[in-house]
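Hey, can you work out the whole structure from these sequences and the hints?
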Amino acid sequence: MVRLIVDNVHVAYPIYNSQQNMRRALFARTIGGLIQSETRRPNVLLVNALNGVSLDLMEGDRLGLVGHNGAGKSTLLRVMAGIYEPVAGRVLVEGRMTPLFDTMPGLDGEDTGYENIVTAGYLHGMTHAEIERKIPYIESFSGLGEFLSLPYRTYSSGMMMRLGFSIATAVDPEILLMDEGIGAGDASFAERATKRLEEFAGESRIMVLASHSEQLLRKTCNRAALMQSGRIMALGSPDEIFARYRELPHAAAPEPVLN
Amino acid sequence: MNEIASHRHEPAGNLVRSLAITARDDIVGGLLKPHVYGRLGWLDTKRRYRRTVLGPFWSAASLAISVTALGSIGVGLWRQPAADYIPFLAAGMIVWLLIQSVLTESCVTFTSNPTLFRQIRLEYSVLAYALVWRNLLAFMHNMVVYLAVYLAFAPQRLGLIQLLILPGLAIVALNAAWIALLLGMVCLRFRDMQPLIANLTQITIFVTPIFWPPDVLQAASRVVFVTLNPVYHLIEVVRAPLIGTAPAFENYAAAITTALIGWTATYLVFQRYRKRIAFWS
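These protein sequences, in sequence, are chains A and B.
Each residue of the first sequence is one higher than the last, beginning at 1 in the working numbering.
Each residue of the second sequence is one higher than the last, beginning at 1 in the working numbering.
Heads up, some of the hints might be wrong.
Said to hold, decoys possible - Every beta carbon over 12 Å from chain A, so not counted as near; a handful from chain B, in silico:
hint	residue
1	31
2	136
3	156
Claimed, not checked - Calculated lysine-lysine pairs in the DSS-like style (CA-CA distance at most 27 Å, straight line):
hint	chain 1	residue 1	chain 2	residue 2
4	B	275	B	33
5	B	46	A	134
6	B	33	A	134
As the list claims (entries may be wrong) - Quick look at which bits of chain A chain B covers, simulated, 3 or more residues with Cβ under 8 Å:
hint	segment
7	81-94
8	119-125
Worth flagging that the hints you see were computed from the coordinates, not collected in a lab.
Note that CB positions come from ideal geometry on N, CA and C, so glycine has one too.
Next comes the structure, spelled out in structure tokens:
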């Protein structure tokens, strides 16, 4: 049983920019007295990144997130991954979840590819035995060969992507969350990666993929959601959603509000 | 959506688990992952060996130089025999280096690892435990200097009493963990804090009996800089057994009280602001 429920989730980013931040905080305390409501902070810019998003994904759902930059796709993925906690609403999950965002976490330039595989595996909640079992797959899938024994900093960005993608898909995720996951690799790897995603999708688990590539989403997803200004505007088949997407005016990110 | 409505009253953790975790889940859950923070801390240490000859022993080497230089001055300044003062100084410096690097590194617990916890769901406390472990490993490297000094100046002080170093280190580690978590959060939110902490740390070494023996102070100034100085007690629970004596009861009491107060404050702050850490980074 694999399931991912996003229940009326709201996320707001506070933006702290001022160099006088600490002075203001101290000052506000003195004049505001002891009971200072968190929402009454002047000069903190809040960006409402998600405004009441609800989704219910079950086994076999491969959802593509479509939308302009700043529509809330990455934020939604991070909320699903449990990295951002929503201001309101909640996320319920059943199943092992693996996020693959812009880079793999915990990879250090000075460590070799093999050392990084173990670190990343631990961070993804794998045991040492599981990682050992997955190493042959990572070796063959990444195609990095001897480079796995060299420090990670010697890799090109495409090679880094190859390693990250190979580790993320080796975790046996029941729920895979990907943000613009592929595209950095060269053509042959991009093809293999797309194929791996299709395979993965065929194993009737849950996948959520945010991408601007219509081709990739059509190939790997059976549902799509159109996001705009932190809301899900439409949910449907990839064909329907891309038709709606093309009608959208070139809207930017949600307006920041001064709280 | 109907499905959501029908699941709304399900107890979380039964069929579906909620992603929201409490401060307690984070602190305890992180502690139960020794393989993760053990590896993070160990790899940090290992990286210091890369492409260098001495690696982490550089800190031991600079410690040896400081002990030699300050030892020569101190023997004259405090009119103490070298066989007493240099072992006292070396033991104090080793413990101080541990506390000092915990304090300075705590400011970057979170700022130095933003990719880690923005890419993956991870107990924040894991980063604090990794910091403590890394510093304990560095402490063990510095023990080379300790052994060299004691074998040369005071071999008669080495004995079973040195076993008391272990509970002392455990108390220091207990304190280091809350410091790493609390300062990590404060310095992440308020970027002014890091230079301030660095500054205070630098002053602490002079106002704490490390270079000077605590007995040179009397009356009120002794109360302020020795009795009421939490850093003194933290140092003493490890330094006394290093020197070959047992720490006083008040040292243990003060160091444990510091841990209790520190953890309480940290827990309250962590409970309230844990969710914001990802946004502050």
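If you check each hint against the structure, which ones fail? Hint check: nothing fails, all pass.
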